[in-house]
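Undergrad: Chains P and V, in that order, give the protein sequences. According to the numbering used here, the first sequence holds residues 180 to 292 in order. According to the numbering used here, the second sequence holds residues 4 to 203 in order.
Honestly, the hints are just simulated from the structure, not real lab data. The model shown is predicted, which means the values in this text are computed figures rather than measured ones. Please note that a few of the clues may not be correct.
So, partial list: chain V residues that the calculated Cβ filter (under 8 Å) puts toward chain P [to be verified]:
1) Phe35
2) Met36
3) Ala39
4) Ala43
5) Val47
6) Phe62
7) Thr71
8) Gly82
9) Val86
10) Arg90
11) Ser92
12) Met180
13) Phe191
14) Asn202
Distance condition first, Cα-Cα at most 30 Å in a straight line; then the derived DSBU-like pairs of lysine-lysine [as the list claims (entries may be wrong)]:
15) Lys192/P x Lys59/V
16) Lys22/V x Lys93/V
17) Lys192/P x Lys93/V
One-sided excerpt, in silico: chain V residues whose CB lies under 8 Å from chain P [unchecked claim]:
18) Gly26
19) Trp28
20) Tyr30
21) Ala40
22) Val46
23) Leu72
24) Ile73
25) Ile83
26) Ile187
27) Ile190
28) Thr194
For each residue, glycine too, the CB sits at the ideal point set by N, CA and C.
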Amino acid sequence: MIDSHHGWNTSFKPLVWGFIISIVCTLLAYFLTRYQVFTGWTLTHIVVVIAILEAFALLIFFMHLLLESRPRWNLMMFLFLVLVVVVVIGGTMWIMYNLNYNVMPSMQAGISL
Amino acid sequence: MKDSTHEPYPDPHHGHYSKTVFGFWIYLLTDFMLFAAYFAAYVVLQTSTFGGPGGKEIFNYPLVLTQTLILLTAAFTSGIGGVFAHRRSKQGALISFLVTFVLGVVFLSLQISDYHHLIATGNSWERSAFLTAYFNLVGLHTIHIVFGLCWIIVFLIPLCREGITEIILTRLSCLRMFWQFLAIVWIFIFTIVYLAGVNV
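With the hints as extra help, turn the sequences into a complete structure.
TA: Now the structure itself:
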C-alpha cells in the first residue's frame with residue numbers, strides 16, 4: 180500500500196485474483212450451510228475458517244497487507260488488532276459461557292435465556 | 004523494478020500520501036475493534052430470544068447471499084478505481100467509483116427492505132435481546148455504508164473538476180480501502196450472524 184516498487188498499485192491482476200477467491204469462498208460457505216453438508220459445531224468451525232481465509236485474501240490482494248517493505252508498520256498495527264480482537268471476542272465468550280454455566284442452574288424456572 | 008510509465012506520484016516512504024494512507028489504515032483497524040465489541044455482544048446474546056424467533060426462522064438467506072456478492076463486487080470495483088487513479092486515468096477512476104456507488108445503493112436498499120420486512124412482521128429490536136444485538140451489529144455496518152456512499156459523492160466532485168492530483172489520489176486510496184474494509188466486515192457478519200446462526 181505504501182510501497183510503489185512491487186507494482187501492485189497499478190496492476191489489475193491481484194484484484195481479479197482476490198475477487199475470484201472471495202466469490203469462491205462465499206459460495207462454498209453458503210452451499211455447505213444450505214445443503215447441510217456439515218452440521219453443528221463442525222459447520223461453525225468450517226465456515227469461520229473459510230471466512231478468515233477469505234478475509235486474508237482480501238487483505239492481501241485488495242489492501243496489500245504483507246507486501247510493504249521494512250519496517251512494516253501496517254503489519255505491526257494489524258497484529259495489534261488481531262490481539263485486541265482475540266481478547267475482546269474470545270474473552271467475552273469465555274467469561275459469559277462460564278457465567279451461564281455457573282449461575283443459571285439455580286434459576287431454572289422456565290426462563291429461557 | 005520501477006515501472007516508468009505508471010510511476011506513482013508520491014514519495015513511497017515520507018510523503019503526504021504514505022502518512023495519510025497509514026493513518027487511515029490505523030483508523031480502519033480501530034473501527035474493526037469497535038465492530039469486535041458488537042460481534043462479542045451478538046455472540047453472547049444470540050440465544051436470548053425471549054420466546055421469539057431465532058435467526059434461522061427470520062433470516063432471508065438468498066437475499067443475504069446476493070448482498071454479499073454485491074458488496075464483494077463493490078470492493079472489487081473500488082480496487083479497480085484505485086488502480087485507475089494510480090495510472091492517472093481520471094475517466095477510469097470516475098467510472099469505477101460510480102459503479103461502486105451504484106452497487107452500494109443497491110446493497111443499502113436491499114438491507115433497508117430487509118429491516119422493513121423484519122419490523123413489519125413484529126421482529127423489531129424491541130422483540131428480544133437477540134434482535135437488539137442483531138440490529139446493532141448489522142445497523143452499525145449499514146451506517147458505515149451510508150457514510151461510504153456520501154463520501155464517494157464528496158470525493159468525485161473534486162475529481163471531476165481537478166483531475167488526479169496527489170491530494171485526490173490520496174483521498175481515492177483511502178476511499179478504496181474504506182469500501183474494501185466494509186466488505187471484510189460484511190464477510191464476518193455473513194459468516195457469524197447468518198451462516199453460523201443456523202446452529203443456534
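Undergrad: Indicate, hint by hint, whether the structure satisfies it.
TA: For each hint, the structure was consulted:
1. Phe35: holds, 6 Å
2. Met36: holds, 5 Å
3. Ala39: holds, 5 Å
4. Ala43: Holds - the Cβ of alanine 43/V comes within 8 Å of chain P, reaching about 4 Å at its closest.
5. Val47: With Cβ-Cβ at 5 Å, under 8 Å, it holds.
6. Phe62: At about 11 Å, which exceeds the 8 Å cut-off, the nearest Cβ of chain P leaves the hint on phenylalanine 62/V violated.
7. Thr71: Holds, about 5 Å.
8. Gly82: holds, 4 Å
9. Val86: Hint on valine 86/V: holds, closest Cβ of chain P at ~6 Å, below 8 Å.
10. Arg90: For arginine 90/V, the interface hint holds, since the closest Cβ of chain P sits about 6 Å away, which is under 8 Å.
11. Ser92: Because about 10 Å separates serine 92/V from the closest Cβ in chain P, which is outside the 8 Å limit, the hint is violated.
12. Met180: At 6 Å from the nearest chain P Cβ, methionine 180/V passes the 8 Å test, so the hint holds.
13. Phe191: Nearest chain P Cβ about 6 Å off; hint holds.
14. Asn202: This interface hint holds because 6 Å falls under the 8 Å limit.
15. Lys192/P x Lys59/V: violated, 38 Å
16. Lys22/V x Lys93/V: holds, 23 Å
17. Lys192/P x Lys93/V: holds, 20 Å
18. Gly26: violated, 10 Å
19. Trp28: holds, 5 Å
20. Tyr30: violated, 10 Å
21. Ala40: Cβ of alanine 40/V sits 6 Å from chain P, so the hint holds.
22. Val46: Since chain P brings a Cβ to about 6 Å from valine 46/V, closer than 8 Å, the hint holds.
23. Leu72: holds, 7 Å
24. Ile73: violated, 11 Å
25. Ile83: holds, 6 Å
26. Ile187: holds, 5 Å
27. Ile190: Hint holds; isoleucine 190/V Cβ to chain P Cβ min 5 Å, cut 8 Å.
28. Thr194: Hint on threonine 194/V: holds, closest Cβ of chain P at ~4 Å, below 8 Å.
The earlier numbered hints that this structure contradicts are 6, 11, 15, 18, 20, 24.
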